[in-house]
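**Student:** Each chain, letter by letter, is given below.
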Amino acid sequence: AQSVTQLDSHVSVSEGTPVLLRCNYSSSYSPSLFWYVQHPNKGLQLLLKYTSAATLVKGINGFEAEFKKSETSFHLTKPSAHMSDAAEYFCVVSDGASKIIFGSGTRLSIRP
Amino acid sequence: DTAVSQTPKYLVTQMGNDKSIKCEQNLGHDTMYWYKQDSKKFLKIMFSYNNKELIINETVPNRFSPKSPDKAHLNLHINSLELGDSAVYFCASSQTGLAGAGELFFGEGSRLTVL
Numbered sequence: 011a012q013s014v015t016q017l018d019s020h021v022s023v024s025e026g027t028p029v030l031l032r033c034n035y036s037s038s039y040s041p042s043l044f045w046y047v048q049h050p051n052k053g054l055q056l057l058l059k060y061t062s063a064a065t066l067v068k069g070i071n072g073f074e075a076e077f078k079k080s081e082t083s084f085h086l087t088k089p090s091a092h093m094s095d096a097a098e099y100f101c102v103v104s105d106g107a108s109k110i111i112f113g114s115g116t117r118l119s120i121r122p
Numbered sequence: 039d040t041a042v043s044q045t046p047k048y049l050v051t052q053m054g055n056d057k058s059i060k061c062e063q064n065l066g067h068d069t070m071y072w073y074k075q076d077s078k079k080f081l082k083i084m085f086s087y088n089n090k091e092l093i094i095n096e097t098v099p100n101r102f103s104p105k106s107p108d109k110a111h112l113n114l115h116i117n118s119l120e121l122g123d124s125a126v127y128f129c130a131s132s133q134t135g136l137a138g139a140g141e142l143f144f145g146e147g148s149r150l151t152v153l
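First to last, the protein sequences are chains G and D.
Here the first sequence stands for residues 11 to 122, numbered as in our numbering.
Here the second sequence stands for residues 39 to 153, numbered as in our numbering.
Careful, some of the hints might be misleading.
Stated by the list, open to error - One-sided excerpt, in silico: chain G residues whose CB lies under 7 angstroms from chain D:
#1 Gln16
#2 Leu17
#3 Phe44
#4 Gly53
#5 Glu76
#6 Phe112
#7 Ser114
#8 Gly115
As the list claims (entries may be wrong) - Dumping the calculated SDA-like pairs for lysine to any residue here, alpha-carbon to alpha-carbon at most 25 angstroms:
#9 D/Lys57 x D/Asp108
#10 G/Lys68 x D/Asn113
#11 D/Lys47 x G/Ala96
#12 G/Lys52 x D/Tyr48
#13 D/Lys60 x D/Lys90
#14 D/Lys57 x D/Glu141
#15 G/Lys52 x G/Gly69
#16 D/Lys78 x D/Asp123
#17 D/Lys74 x G/Leu56
#18 D/Lys60 x D/Phe102
#19 G/Lys79 x D/Glu120
#20 D/Lys109 x G/Asp105
Calculated directly from the structure, the hints in this document are not laboratory data.
Cβ atoms here follow ideal geometry from the backbone N, Cα and C, with glycine treated the same way.
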């Protein structure tokens, strides 16, 4: 069985400081992992994906995530937050076929 | 060009009415989905179609009926609307066999408000 847990429902950082959004997963086999971003009143957009290639994955807008099998984690990071990063972020695990599990989301707020 | 488009974007209606939401994708994908997002942003899969065939049908009241006339369209019809149906409904598509079936392309959502 697969599951995904986003450890923080809300993260608030100051503009220009690092961002860390935490995600742990559980899977019986090698999963595919994704991060999606949802800006207010918009649909979800793929930020980055891990599909068993390089464990450090770079995405759009300066975000990256590292797959750590030993810790069953796929945390999302960005070195320097920008006001436009304020959004809801979803961690997703997939079995590569039809099963796609969304995390409960983390709301990222950016303080000026 | 909008890849996944949904209409209408906003829908306000009375309890007991019947309404439809339409979705079209121009990406050539063979799989389409309907998701429901509640007020706490939680996303729940409702249905999935692959080449016009239903492949995922989660525990959804049978008042909800999806229809896929072709692989580029997936519509959602809701009968006898209830207050609890108020939510944002997202259509999405993906290509089977892409590295990870979790690579979804979403529409902008249809916000349904039932009064």
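**Student:** Each hint: holds or not?
**Tutor:** Each hint tested on the structure:
Below 7 angstroms, beta-carbon pairs count as interface contacts, and G/Gln16 has none with chain D, the closest being about 11 angstroms; its hint is therefore violated. Here the hint on G/Leu17 is broken, as its CB sits about 16 angstroms from the closest CB of chain D, past 7 angstroms. Interface restraint check for G/Phe44: the shortest CB-CB distance to chain D comes to about 5 angstroms, inside 7 angstroms, so the restraint holds. Because the smallest distance between the Cβ of G/Gly53 and any Cβ of chain D comes to about 4 angstroms, under 7 angstroms, the interface hint for this residue holds.
Because the smallest distance between the Cβ of G/Glu76 and any Cβ of chain D comes to about 17 angstroms, over 7 angstroms, the interface hint for this residue is violated. Because the beta carbon of G/Phe112 sits about 4 angstroms from the nearest beta carbon in chain D, less than 7 angstroms, this interface hint is met. Because the beta carbon of G/Ser114 sits about 6 angstroms from the nearest beta carbon in chain D, less than 7 angstroms, this interface hint is met. Taken as an interface hint, G/Gly115 checks out: its beta carbon lies about 5 angstroms from the nearest beta carbon of chain D, inside 7 angstroms.
With a CA separation close to 20 angstroms, the supplied pair D/Lys57 and D/Asp108 stays within the 25 angstroms bound. Between G/Lys68 and D/Asn113, the direct Cα distance comes to roughly 35 angstroms. Violation of the 25 angstroms bound is thereby established for this hinted pair. This hinted pair checks out: D/Lys47 and G/Ala96 have alpha carbons roughly 22 angstroms apart, not beyond 25 angstroms. For the hint linking G/Lys52 to D/Tyr48, the alpha-carbon distance of about 12 angstroms falls within 25 angstroms, and the restraint holds.
Note on D/Lys60 and D/Lys90: the hinted pairing holds, with a Cα-Cα distance of about 15 angstroms set against a maximum of 25 angstroms. Note on D/Lys57 and D/Glu141: the hinted pairing is violated, with a Cα-Cα distance of about 29 angstroms set against a maximum of 25 angstroms. The straight-line distance between the Cα atoms of G/Lys52 and G/Gly69 is roughly 19 angstroms, inside the 25 angstroms bound, and the hint therefore holds. With a C-alpha separation of about 14 angstroms, the suggested pairing of D/Lys78 with D/Asp123 holds against the 25 angstroms cut-off.
A threshold of 25 angstroms between alpha carbons decides the hint, and for D/Lys74 with G/Leu56 the separation of about 18 angstroms falls inside it, so the pair holds. Our distance criterion of 25 angstroms between C-alpha atoms is met by D/Lys60 and D/Phe102, whose separation comes to about 13 angstroms. Of the pairs offered as hints, the one joining G/Lys79 and D/Glu120 is violated, with about 44 angstroms between alpha carbons and a cut-off of 25 angstroms exceeded. Taking the CA atoms of D/Lys109 and G/Asp105, the gap is about 23 angstroms. The hint holds against a cut of 25 angstroms.
Consistency with the previously given hints fails for numbers 1, 2, 5, 10, 14, 19, ordered from lowest to highest.
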